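Student: Next come the chains, spelled out residue by residue.
Number of protein chains: 2
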Amino acid sequence: MATQKSTRPPAPAAERPHPDATRRSQRSRQAIYDAALALVGEVGYPKTTIEGIAARAGVGKQTIYRWWSSKADVLLEAFLDLGEQAAGQEAYAIPDTGDLAADLKAVLRATVDELRDPRFETPSRALAAEGVVNEQLGREFVAKLLEPSLQLYVDRLRAAQEAGQVRPDIDPRIALELFVSPLAQRWLQHTGPFSHAYTDTLVDYALHGLAPR
Amino acid sequence: MATQKSTRPPAPAAERPHPDATRRSQRSRQAIYDAALALVGEVGYPKTTIEGIAARAGVGKQTIYRWWSSKADVLLEAFLDLGEQAAGQEAYAIPDTGDLAADLKAVLRATVDELRDPRFETPSRALAAEGVVNEQLGREFVAKLLEPSLQLYVDRLRAAQEAGQVRPDIDPRIALELFVSPLAQRWLQHTGPFSHAYTDTLVDYALHGLAPR
Numbered sequence: 001m002a003t004q005k006s007t008r009p010p011a012p013a014a015e016r017p018h019p020d021a022t023r024r025s026q027r028s029r030q031a032i033y034d035a036a037l038a039l040v041g042e043v044g045y046p047k048t049t050i051e052g053i054a055a056r057a058g059v060g061k062q063t064i065y066r067w068w069s070s071k072a073d074v075l076l077e078a079f080l081d082l083g084e085q086a087a088g089q090e091a092y093a094i095p096d097t098g099d100l101a102a103d104l105k106a107v108l109r110a111t112v113d114e115l116r117d118p119r120f121e122t123p124s125r126a127l128a129a130e131g132v133v134n135e136q137l138g139r140e141f142v143a144k145l146l147e148p149s150l151q152l153y154v155d156r157l158r159a160a161q162e163a164g165q166v167r168p169d170i171d172p173r174i175a176l177e178l179f180v181s182p183l184a185q186r187w188l189q190h191t192g193p194f195s196h197a198y199t200d201t202l203v204d205y206a207l208h209g210l211a212p213r
Numbered sequence: 001m002a003t004q005k006s007t008r009p010p011a012p013a014a015e016r017p018h019p020d021a022t023r024r025s026q027r028s029r030q031a032i033y034d035a036a037l038a039l040v041g042e043v044g045y046p047k048t049t050i051e052g053i054a055a056r057a058g059v060g061k062q063t064i065y066r067w068w069s070s071k072a073d074v075l076l077e078a079f080l081d082l083g084e085q086a087a088g089q090e091a092y093a094i095p096d097t098g099d100l101a102a103d104l105k106a107v108l109r110a111t112v113d114e115l116r117d118p119r120f121e122t123p124s125r126a127l128a129a130e131g132v133v134n135e136q137l138g139r140e141f142v143a144k145l146l147e148p149s150l151q152l153y154v155d156r157l158r159a160a161q162e163a164g165q166v167r168p169d170i171d172p173r174i175a176l177e178l179f180v181s182p183l184a185q186r187w188l189q190h191t192g193p194f195s196h197a198y199t200d201t202l203v204d205y206a207l208h209g210l211a212p213r
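Protein chains in written order, with the UniProt record's numbering: chain A, 1 to 213; chain B, 1 to 213.
Careful: at least some of the hints might be erroneous.
Here are the simulated DSS-like cross-link-like pairs (lysine-lysine), alpha carbons at most 25 Å apart as the crow flies [said to hold, decoys possible]:
1) Lys144(A) - Lys47(A)
2) Lys71(A) - Lys47(A)
3) Lys47(B) - Lys47(A)
4) Lys144(B) - Lys71(B)
5) Lys71(B) - Lys47(A)
6) Lys71(A) - Lys144(A)
7) Lys47(A) - Lys61(A)
8) Lys47(B) - Lys71(A)
Partner residues are not named here, just some residues of chain B that face chain A (Cβ under 7 Å, in silico) [as the list claims (entries may be wrong)]:
9) Val142
10) Val166
11) Ile170
12) Ile174
13) Arg213
By construction, these hints were calculated from the structure, which means they are not laboratory data. Everything numeric in this text was worked out from a predicted model, so none of it was measured. The C-beta atom is built at its ideal place from N, Cα and C for all residues, glycine as well.
Given the sequences, and given the hints that come with them, work out the whole structure.
Tutor: Structure below.
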């Protein structure tokens, strides 16, 4: 999804190292993230190892273990970092212009573009595939990566309920699935092509329903 | 999905063997299907081999190669067979009682039950995970296993359009995703619990829309 909040806490002030060391650490971190994402995309989650990430990033294993306790943790932060880069200067919220359909369409169009970006697609597929058969990992990544972005839709739909644009009896957490899940399934399972026109259609169908009015 | 048509052609009459041989063949086929589904569920698609299936089924490799050209072909037929068993005596259609909501809810409730059946769940997850990262295999299994069952929803929605219960401008192939894809995503990605109440809600939201009427 296009927007994700980082849950990484800032280092406490007392532990902050010298600026040069910070820059070196930052470069190492970025090299480790890049290596982890590239590796998982190439060999899949089961064959991705801390050793392999370290070798590819050109750092020692101990550098990784100083910051993270497992390959799942490294990958989780690498994806959070990737999401922050993709979000760029965008706010961590779905716009509220007062036009719910237009706002949802805009965010879903951006998501379509992001899903097609190979930097995102290859590692995301590898991780999603593992989550399908590894329930614990799947649940952890959903809780930390996917659910925070879904909550942005919940917030936008709640605002629309307050504005009288969504029925008050609707559960926003289920409602968002009417447009988010079809796109997710087409992407994940190759069940059909997706485009801006497709996601626009999903929003129109979800808001206005299939039955005649 | 609950209902799937077999695409396996019957053996031409001239090649039909003696009844005893047919029975033996049928037993071997079933043993091969069972072995293939068990194995893919245990070790995943990449590590499933024709040799492994043959050993587990207690048949020679040549017996498998006589009938199928690849492990993908064996698994495809094994899933078709499993789908036929699950469908039992049910017709290969979604019921049309004249009440679209009730008919869709009934089929989705049956799908919820099927997705929880471990005989179906474990091998299906293994295959779905592979399809996420192996586009060719994913597309083949979607075309041969998933799409035929989705077409049953297309047929039911078309009948509802003719009966004036679905707007004439709706594309049924997209419309069905409003209730099928959320269930698929919750199952595949562990993004949330699912129940009969959940799928009932999806049908109500999809038919009547999120916006006030």
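Student: Hint by hint, note whether the structure agrees.
Tutor: Okay, the hints, checked on the actual structure:
no.	hint	in the structure
1	Lys144(A) - Lys47(A)	holds (22 Å)
2	Lys71(A) - Lys47(A)	holds (11 Å)
3	Lys47(B) - Lys47(A)	holds (13 Å)
4	Lys144(B) - Lys71(B)	holds (15 Å)
5	Lys71(B) - Lys47(A)	holds (22 Å)
6	Lys71(A) - Lys144(A)	holds (15 Å)
7	Lys47(A) - Lys61(A)	holds (16 Å)
8	Lys47(B) - Lys71(A)	holds (23 Å)
9	Val142	holds (5 Å)
10	Val166	holds (5 Å)
11	Ile170	holds (5 Å)
12	Ile174	holds (6 Å)
13	Arg213	holds (6 Å)
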